[in-house]
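Enquirer: Sequences are here, hints too, so could you generate the full structure?
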Amino acid sequence: MSTLSHLKVLDLSRVLAGPWASQLLADMGAEVIKIEKPDGGDDTRQWGPPYLGDDSGNETSESAYFLCTNRGKKSVCIDIKSELGQEQLRSLLTECDVLIENFKVGGLAQYGLDFDSIHALNPQLVYCSITGFGQTGPYKDRLGYDFLIQAMGGLMSITGEPDTTGGRPQKVGVALTDIITGLYASNAILAALAERERSNLGQHIDLSLFDVTVASLANQASNYLVGGTVPERMGNAHPNIVPYQDFRAADGHIVIAVGNDTQFTSLANVLEVEEIIGNSRFNTNANRLENREELIGLIEGAIAKKSSEYWLERFEANGVPAGPINNIEQVLNDPQLIARGMRQSLKHESRNRVDIVANPINFSRTPIQYSHAAPTLGADTESVLKTLKQKEP
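Quick note: the numbering used here has the sequence shown finishing at residue 376, numbered continuously throughout.
What the hints contain is simulated information worked out from the structure, not anything from laboratory work.
Because the structure is a prediction, the values reported are computed rather than measured.
Any given hint could turn out to be false.
Said to hold, decoys possible - Distance windows between CB atoms, simulated:
| # | residue 1 | residue 2 | range |
| --- | --- | --- | --- |
| 1 | A300 | N223 | 20 to 30 Å |
| 2 | E178 | I279 | 47 to 57 Å |
| 3 | C51 | A240 | 21 to 31 Å |
All residues carry an ideal CB built from backbone N, CA and C; glycine is no exception.
Expert: Pasting the structure below:
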């Protein structure tokens, strides 16, 4: 039996943050009913190319983006603007444990689907709202998109090359704010469900992309709060650890991530640079931070003389954390990733199988069990709504 096979989730969210949370719950066995508008469904269905090809090689209407965040769900088309649609949703919610939505603040009240209305209907329901800036505060009515929130939340101010080298702020290469918000949402939902076992009551979860971004600044935010210095962009360098960045070998870049003094001693011995070995200016991380520019210059000079393969073999043999900078093709075919089962192939209605990146969680007794890939639009409308009709007197 799957971990969450006893739970039913109604997913009224779109795009990435909410769907990421509900997909995680689906991976763990929850029944997830994804509600989509009849005319086009989730916005990300149109976010292509690329689109999935069928078994004959013909392009379908299933975008790669939609496939990455909706596996294991049922797709039900309901017109939320109609009285019938609203009644269908209320009927579904009487038998659900969780609702996830990302409408604008107050946007569901006009349909009688706001928290207060649904809580009166089903007091045990855990109701999770995801917005750009939260249910309160001066920005609560603003629209929020991942890119915008990365900028406003400080993440872009510490991402990219420094001004001194002609750099500018950069967003992360994936919608990380959305994804982290989805992870926070699933954690919050599970916590609320655990509390419900004692109180027998659901509650409203208020999550904002803005809050999550700031919370995810971790040591960078703490560096400011404790040290009073505003963190700046440092490219691939680390504000608190040296050496912890990329270096150019003779045939391309590699990463060295030294986390303690013992590892640094090993690095120095492998590099065989006299100015580094045993030098008190570099013997502790604090000293290396103080003399960062000199040390990095010495390491760069040594690394540039030999190939990536040469250095990586020696670093691994001597316990120095280092690795290549893989592109997506390389990492998805990496033997470690394959050995961990991180590539899976699932059934899909448009073709026999479709490849996906797997869930990284490994349970010892209740392993993740994938039922199917992301559904086609409205694939389950008839079967789900049929159960509602059968309940009618």
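Enquirer: Hint by hint, note whether the structure agrees.
Expert: Tested hints:
{"no.": "1", "hint": "A300 - N223: 20 to 30 Å", "verdict": "holds, 27 Å"}
{"no.": "2", "hint": "E178 - I279: 47 to 57 Å", "verdict": "holds, 49 Å"}
{"no.": "3", "hint": "C51 - A240: 21 to 31 Å", "verdict": "holds, 28 Å"}
Hint compliance for this structure: no hint is broken.
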